[in-house]
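Enquirer: Given these sequences and hints, build the entire structure.
Going line by line, the protein sequences match chains E and W. According to the working numbering, the first sequence is numbered sequentially starting from 3. According to the working numbering, the second sequence is numbered sequentially starting from 326.
Source of the hints: derived by calculation from the structure; they are not laboratory data. Incorrect hints may appear among the rest.
Claimed, not checked - Below, a list of computed lysine to aspartate or glutamate pairs in the EDC-like style, where the Cα atoms sit at most 16 Å apart:
#	chain 1	residue 1	chain 2	residue 2
1	E	Lys66	W	Asp387
2	E	Lys150	E	Glu100
3	W	Lys519	W	Glu378
4	E	Lys66	E	Glu110
5	E	Lys66	E	Glu100
6	W	Lys519	E	Asp159
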Amino acid sequence: MYFFKGRLTLDSLLPARRAMSLIEILVAMTIGAAAFFPIIKLFQEGIKDSLHSSSWTQAREVAKNNMDIVLALSFDNIARGDNLIVDKNSAPLFPRTEKVKGIDFIVECKVHDLVPLCGIYRSTRSGGGVTNHYCISSKLKGITITVKWQGVGKQLDYSLVTFKSDLSEGTKTDIWQWGFPQYR
Amino acid sequence: MKDTLNTKHLMADKIIGKRSGFILPVVVVFLGSFFTMATIFYLFNLNQKPIVEILDRSAFADYMALGMAEILKLKVKEFPEEFRDTMRLIEFMEKQNQKPWDDIYLSYGGSANEGPHTYFFHNFVVKKSAFNQAASDAWAGDSLINNKPAGAWEAHWNHMLYNLLTDETAQHGAGKDFKDNAAFKTHFKNIMAKYNVIVNLRGVRRDHIGLAQSGGAAAEYIGDIITFSFESQYRDQKNHRTNRLHDITFNHTRKFAK
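Expert: Here it is in structure tokens:
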């Protein structure tokens, strides 16, 4: 019935309170509502990329998980190249997207076929020691897992690198001498 | 007196009471302060990821140590005789209270520390080699190389990649297939420059003897659990160097070729 008694006041809505016009309330609520969401979003994003950074922490875990998946594959199935590893149904494993807490983590995998060089000392040679250099082909791969996600205004990324050796029994046909022996 | 009491009663009623309108400004100021602090917190954190970055490097170091152990495993597997000869020397020297690993840390081709017990492992020690003296010294001394801060990249690049992952530009390399080594150089450089993690071999030991093995195998190290200890080094959020040890075991089962 207050609505029909002239000016609408806070008193009319909340009895025993000081007067505040409905217009003022609406303006304050509008400003508050408009300001609240961007600010809280900034706050959340700031947290996300900082001390308690869930996204960085999560990206690191995603990278570790995917690296372990690749390392668990047999050596021959770790296909050289960008995102060429496939599962048992020949479907590509990468790039893959893992959505965690509303963030899309895009995982990529790069594999290099590497040839390590090993300096070998052979004590059995006559006339003292000799250092031979041998290269080992097709038995070492460099694996890089990169996780990318959208941060505050820019795309962030985190990478892990490791190597995987073929430690199965085999012949030495993949080992070849590099350079000349160095007699000492 | 009575007036005073009445006044106090009225003031208290005005401040505490629901009629005062005092709560609303308090809430407004509180919320304003709250969001101001949140904004300042956000702006400060735009430029720093203090805890996160050290954890990033820590995980990166884990996998780098794991990877270097893989290369060393491959070398042991493919050259078991040389590994055996080297380990026999090292264990003999240790029994004599000598310190073979001190030589290995400091050895490189042509150095005074070079010896039969150093060849097999010293390629996995980044701190010193014929190829990385400037970088490793600068890294240790926080000085500059080419007017730039010493990075783990130079040390790793001039050592590990030169020795273990050389490419066709290396000496005597003509005509040989080094596959992706050259491409990996660039790729690895970019990543190492970003994380600035250095990984060194710090020790190798025979951890366990007693697995099923044929006669005489104990002296050959076949069937033993070999433990590689790597040390990683990187900067924490205050730019202080941090060291961590990574022990990685290897079941040495390779049969001799001969």
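Enquirer: Next, verify each hint and record whether it holds.
Expert: Status of the hints after comparison with the structure:
1. Distance hint between E/Lys66 and W/Asp387 is fulfilled; the C-alpha atoms sit about 10 Å from each other, no more than 16 Å.
2. The suggested pairing of E/Lys150 with E/Glu100 holds, with an alpha-carbon distance near 10 Å, which does not exceed 16 Å.
3. Using a Cα cut-off of 16 Å, the hinted pair W/Lys519 and W/Glu378 holds, with the two alpha carbons roughly 11 Å apart.
4. For the hint pairing E/Lys66 with E/Glu110, the CA-to-CA distance comes to about 12 Å; that is within 16 Å, so the pair holds.
5. In summary, the hint linking E/Lys66 to E/Glu100 is supported, as the alpha carbons are separated by about 13 Å, within the 16 Å threshold.
6. Distance hint between W/Lys519 and E/Asp159 is fulfilled; the C-alpha atoms sit about 11 Å from each other, no more than 16 Å.
In terms of the numbered hints stated before, the structure departs from none.
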